[in-house]
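For this one, chain A is given, so just place chain B on it according to the hints.
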Amino acid sequence: MNRTAAPLEKSTASPTPQSPNFIQILFNGFVDLIDRLMAPLQNLLGVQRMAYIFVLPNLLIFGIFIILPMILNLSYAFTGSTQLFPADRPFIGADNFARLFECSNFLDPNTCREDVFWRAVFNSTIFVIVQVSFMVVMALTTALALNRKIMLRAFFRSVFFYPVLLSPVVVALIWKWILQQDGLLNAVIVSLGGTRVPFLLNAEWARVWVILISVWAQMGFFTLILLAGLQAIPSELYEAASMDGASAWASFRNITLPLLMPTMTVVLVLALIRAVQVFDQVVPFTNGGPGTATTYMVQYIYNTGFTNQTREYGIAAAASVLMALILFTLTFAQLRLTRAGQNES
Amino acid sequence: MNTIAQYLTRTRGRTRLSLTDVITYLYLTFGTIVMFGPVLWLVLSSFKSTQQLVRFPPTILPYRQETVTVEGYDTPLDLYAVTMEDGTVRQLAQVRRVGIEAQMIDPTNPEEIIRVNINQRQPIESVVFSFDNYVTGVQQFNFWQYLWNSVVVTALATILTLIVNSMAAFALSKYQFRGRNAIFLVTISTLMIPLSVILIPVFLVITEIGWSNNLIGVIVPGAATPTGVFLLRQYMLTIPDELLDSARIDGASEWRIYLQIILPLARPALAVLAIFSIMWRWNDFLWPLIVLRRSELFTLQVGLNSFQGELQTQWNLILAMTVLTLLPITAVFAFLQKYITTGIATTGMK
Chain A
1 MNRTAAPLEK STASPTPQSP NFIQILFNGF VDLIDRLMAP LQNLLGVQRM AYIFVLPNLL
61 IFGIFIILPM ILNLSYAFTG STQLFPADRP FIGADNFARL FECSNFLDPN TCREDVFWRA
121 VFNSTIFVIV QVSFMVVMAL TTALALNRKI MLRAFFRSVF FYPVLLSPVV VALIWKWILQ
181 QDGLLNAVIV SLGGTRVPFL LNAEWARVWV ILISVWAQMG FFTLILLAGL QAIPSELYEA
241 ASMDGASAWA SFRNITLPLL MPTMTVVLVL ALIRAVQVFD QVVPFTNGGP GTATTYMVQY
301 IYNTGFTNQT REYGIAAAAS VLMALILFTL TFAQLRLTRA GQNES
Chain B
1 MNTIAQYLTR TRGRTRLSLT DVITYLYLTF GTIVMFGPVL WLVLSSFKST QQLVRFPPTI
61 LPYRQETVTV EGYDTPLDLY AVTMEDGTVR QLAQVRRVGI EAQMIDPTNP EEIIRVNINQ
121 RQPIESVVFS FDNYVTGVQQ FNFWQYLWNS VVVTALATIL TLIVNSMAAF ALSKYQFRGR
181 NAIFLVTIST LMIPLSVILI PVFLVITEIG WSNNLIGVIV PGAATPTGVF LLRQYMLTIP
241 DELLDSARID GASEWRIYLQ IILPLARPAL AVLAIFSIMW RWNDFLWPLI VLRRSELFTL
301 QVGLNSFQGE LQTQWNLILA MTVLTLLPIT AVFAFLQKYI TTGIATTGMK
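So the protein lines, in turn, are chains A and B.
Throughout the first sequence, residue numbering follows my numbering, covering 1 to 345 in sequence.
Throughout the second sequence, residue numbering follows my numbering, covering 1 to 350 in sequence.
Treat each hint with caution, since some may be false.
Not everything, but these chain B residues come out facing chain A in the computed CB check (under 7 Å) [what the hints assert, rightly or not]:
| # | residue |
| --- | --- |
| 1 | THR32 |
| 2 | PRO58 |
| 3 | PRO194 |
| 4 | THR341 |
Sample of chain A residues facing chain B (criterion: CB under 10 Å; computed from the structure) [claimed, not checked]:
| # | residue |
| --- | --- |
| 5 | GLN48 |
| 6 | MET151 |
| 7 | LEU152 |
| 8 | VAL169 |
| 9 | LEU184 |
Chain B stretches covered by chain A per the calculated footprint, using a threshold of three residues with CB under 8 Å from any CB of chain A [said to hold, decoys possible]:
| # | region |
| --- | --- |
| 10 | 250-258 |
| 11 | 325-336 |
These are computed hints drawn from the structure, not numbers from a lab.
Computed from a predicted structure; not experimentally measured.
From the three backbone atoms N, C-alpha and C, an ideal C-beta is built for every residue, glycine too.
Looking at chain A on its own, in the form it has when it is part of the complex:
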């Protein structure tokens, strides 16, 4: 405390705006206070075991809001009725799962008892395949372009990254405005001699646009990761290749692609995991419609558990357990792939 008083006197004496730094004084006082309060604890536990105290708040939040819900989720999945409290819910075994899988023909959702669930599964499958492949190709193209020696590189990089920062609601509204009947895109189409397209009222178009806007919104993030991967490739390799007379395509195939593979794996799996979970952007954009055209897995879970007339918590939880299984498989695949990649190199 004595030390902190000194700069205060100095600054009041001199007219220069040397900050008295009240924050520093406050902070030091705060440290002293914590020090006093925690001293008995440290005497009791010893230095090394203080780590438990430091890690405790984080673990508590994890435990209460992630681990506990995970366990509860399993309990919901195996119990029935529309009661929210687990104690009120009778155990029904795997009935919820059986109901989800009650289908006379798995390729036709109309024959399933929970037809919306299967529609959501089909929608999600198509979304994941198309969105991830399109996005990875676009992100790689952009990263390659940004990795060249070009002017305004920092500017272009920020431009491609900017949409990542926008919230799902904002992204949805920006595009809804462009795609509406009298919107900018229809104006362009009409001026080129076409007729207006009801983009968000047509099931196929709505699916296409959900994919396009999610690529628009996320691409910059993956571009950035790929760009970091590209920049980590030593330039000597390219110099040596060009000295040996290798063509640009040959050095791309034999240097860039193999050395970028670990980064690509990370990007691919992160993109897959995100695509399986698509939800945030769709709610304000199409809210799953028209009909169920853009209802994906999470939307199904959300609707079943939160917005439908009868709250089928058990069905929703069973569906989310299935989704968790998919996500774990993907994560596990990533670990295996990255490890395999490390062994090779």
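Only chain B this time, still in chain A's reference frame:
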């Protein structure tokens, strides 16, 4: 002219602009239009009046029809440029329109009514950036309340995240204790458990604690971010242990070491996490959507979503409110984009 061409074709390191460079620039320019154009269109549209917004095809800039106040008429009259029979163009104000005939007057001579075909008149417009949508929107949308909620959530959650995550990272990077690896593994593996998978039980837990319809319910649960713990731990591992040991010899307690040595040294990593946390929290949608049911507690994102549901057709207000919602995060990006991009490139996470 020659120098401009030289300037444009100048490249870094190489002497000539190759075909690949041309394609690269074309691609990047096209990309700039696609990535930034929609946002620009939103901003331009937000300054248009309702009449302008329903106009098809739309104009790029916001226009407003010129009006004139004429004695004897209560409301200002719209001004038109009228092509007369003899080919001259006169500026006339429209009194009323009957079918295809418009009754116009000359503002300088309001007694005489001139009847013209509506095809002969063109509205006189000028570019005006009007803030009317913003003013009305802020009143109708309960904007200040939502903004306040968003700011409270973002600020408190970020502070809490920094404290809780840095404490855990300190323990995980600087101590040897039983269960350390297990705790680290559990922390990292929760990266893979998205909220969407545990929606229902989380809702139950929040309700049981009594945090449903409470901003605390939005702030606390997301504070233990695995990304944050990982990022800070990796950074703290680079702080030499000798520093801690010598502080201990000088009699510093573990809390003093954490507060006065570790935190100041980890400032760069804390800054990156702070920026991340602000981005996450400001844009968060799913969690507040579940926890908050009363509209006076909505954050901007949830408010905006419900606003667009209620007012399907009031695009003028929605556009203005969307711009206000994206403004703060754009400002953060403009000032801190270097930290954001390097932060993401190094951690590879969001």
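Status of the hints after comparison with the structure:
no.	hint	in the structure
1	THR32	5 Å, holds
2	PRO58	6 Å, holds
3	PRO194	5 Å, holds
4	THR341	6 Å, holds
5	GLN48	6 Å, holds
6	MET151	7 Å, holds
7	LEU152	8 Å, holds
8	VAL169	5 Å, holds
9	LEU184	6 Å, holds
10	250-258	holds (count 5)
11	325-336	holds (count 6)
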